[in-house]
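Now for the letters of each chain:
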Amino acid sequence: MQHAKRFTAIAYRLAAGVAAAAFVMLASLNLASAQAAKGEPYKIGVTYPLSGPQGAWGQLLIPAMEIAVADVNAAGGVNGRPLALVIEDSKGNPEGAISAMRKVVQVDDVKAILTIFTNVVSAQMPLADQLKVPLLSPVEAPGLVKNSQWAFAHASPASRTLPLLYAYWKDHNLKRLFAFFPNTAMVKFLSPMVKTETSELGMEFDQALFNLGDTDFRGIITRAKSFNPDGILIYGHGTPDEGVIMKQIRELGMTTQIYTGCACVTVKSYREASGEAANGTIFSGFKYDKTYAKKFIDAYTKRLGFGPDYAGLEVYDMVGMIAEAIKTHGYSGDGIRKGLTEIKNFQSIGGGLVSMDADRQSEVAVGLYKITDYAKPDFVEIAP
Amino acid sequence: MANALQLLTIGIGIAGYYALVAVGFAIIFATLRIFHIAHGTVFIAAGYLFFFLYRVYGVDMLWSGLAAIVVAALVGLAIDKAVYIPVMRRGGGLFSVFIASLGVSLIFDAGFLVYTKGVITVARTAPLAIISVGGVTFRALDLLVLAVVFMVYGLLYLWFHRTKTGLAVRGLTDNRGLAAVVGMNVGQTRTLIFLVASALAGIAGVLTAYDTGIAPDTGSRTLFVAVVAVILGGVRNILLGTIFGSLSLGILTAYAGFFFPEWVTFGVFSTMIALILVRPRGVFG
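Protein chains in written order, with our numbering: chain A, 1 to 384; chain B, 1 to 285.
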């Protein structure tokens, strides 16, 4: 009996020892894999504007990419090798972007490129075809990336965000809508989309185009006021101009409900420009779950002193998508292209799931939100 | 009718900002023939300083504004002493000074971009008080801006016409060579011109930082419109010319925004070209 008890005790101790040893081994294996990102890095080219009028985009979004790379590397890298960014100033224009792209591909030998802006991507696509290097960007122009099998987009295009607003307007019986669009290529597809849909909803519609960079829009807003709308749509590139328009609408005494087509309130410049006028605005945009993205938001805030905007989440995702593509199809232009084409139910840092459609435009999760506190910013998801 | 009055009110409000920047630029251009692109840098430096003192460090608004205006005056003077005068001493002509000015402007713009990451900064957080009279709505701030413009132009008029240094400024405008020959202290007058003109850009920078906010390129953009106002009005009569140019641009911008918003820039600049064709030296010579 004594022997049996002693044997049982020894057996328990042995089992506990083995379990502890196994735990330590597993933990060290896990740690080893997390620390194993070494060797020649897999390079991702970044052709973003760092200077000039569009320079703010690079200054704000590259830190988000760097955090994404750091997170991938901290988790063991891709197939044991680290990721690295090769950054080149595109100056935000086609000429600068072509020069930057040639440099990162032909000198630095990157196998994939993160880029931005419709005019830049349009210029880079023929070169991407020639060099066989995939481009991944947050462009929203419908059908743009369809023109090259090497071009991919990850953003929330109007074709996904606007239907939520249409449903809301229908449900709330909106009668007269006045829209503000930027005087850029964007209006070519946005204006007909909204006009057609509002007409189908039996709404009266008028619009005005504003010039980016202007500081006083009260002349245009007076036009909107004379239309006497019961809804105002401000849909642009998420630039501060839109925040200024919002503020000046209130400063001209209008209390009309404002709608926007992106989570622009997460853009610091935008909410600085709008001030309190943004409160109560309803927007449809990229799913931005602050709880889910907390770790990233904290890391970004630590670096820049304020939180990332929705585009920061998009570019964070893009680094992860390229890492995923390298993991599944290897580090080559064609491998990454195949990998990106097969992206399915990719977990976005914003909380939603992302899949790449047949035209290489990501199908992102979108939501309809109401801004409750522009300064934080806080917003609640509402039903369309 | 209500719309017409509303647009007129808005146009006059816009013109106030243009007038403050334009008059400083015009004083320097008319007297020293320097195309002072870096005037926009002075404007933006004042705006940023005001923002930091008032909003970030919580200094009293008036003191923040005054400090920003004083620093703007000194920045403008420093640009002249550290850049323009040495360029001219080394035999550089007005074109070299223009290029140097452009360089200063680009350096500051790039520095502000790196530091601010291009994020727009607005000094106020509370909404502006608005006043409605008979269907016309305007902002209390517009009244303040107009009061400042009246005060500034009034003081400049008195300076130009009632003081010895003001006479020297007018002398430089009329004939720079002759002004030096008759014993005018050109160096001292030049210092005064840069101090006053830069302080005026500072006032505009502070008001803009409080109203719509500033970004690294706001200075260049604002200066561009101010230059157009100066060209429209002409520099022979600085005060009348800049106020005319600013009012024309402000009102035109407001009406164009209402009637053909996508053509605002086209309309404004077509008008400018047409006026220049008719009056190449500006409406007031």
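Be careful, since some hints might not be right.
Claimed, not checked - In silico contact screen, one side only, chain A against chain B (beta carbon under 7 Å); selected entries:
no.: 1; residue: I62
no.: 2; residue: E66
no.: 3; residue: K132
no.: 4; residue: I220
no.: 5; residue: E251
no.: 6; residue: T255
no.: 7; residue: S269
Unchecked claim - In silico BS3-like cross-links for lysine-lysine, where the CA-CA straight-line distance does not exceed 30 Å:
no.: 8; chain 1: A; residue 1: K103; chain 2: A; residue 2: K170
no.: 9; chain 1: A; residue 1: K294; chain 2: B; residue 2: K117
no.: 10; chain 1: A; residue 1: K146; chain 2: A; residue 2: K188
no.: 11; chain 1: A; residue 1: K370; chain 2: A; residue 2: K290
no.: 12; chain 1: A; residue 1: K295; chain 2: B; residue 2: K164
no.: 13; chain 1: A; residue 1: K302; chain 2: B; residue 2: K164
no.: 14; chain 1: B; residue 1: K164; chain 2: A; residue 2: K376
no.: 15; chain 1: A; residue 1: K370; chain 2: B; residue 2: K117
no.: 16; chain 1: B; residue 1: K81; chain 2: A; residue 2: K103
no.: 17; chain 1: A; residue 1: K290; chain 2: B; residue 2: K117
no.: 18; chain 1: A; residue 1: K370; chain 2: A; residue 2: K302
no.: 19; chain 1: A; residue 1: K43; chain 2: B; residue 2: K117
no.: 20; chain 1: A; residue 1: K43; chain 2: A; residue 2: K146
Since the hints were made in silico from the structure, they are not lab data.
None of these values were measured; they are calculated from a predicted model.
Heads up, the beta-carbon is just placed ideally off N, CA and C, and yes, glycines get one too.
Hints broken by the structure, by number, lowest first?
Per hint list: 1, 2, 3, 6, 8, 12, 13, 14, 16 violated.
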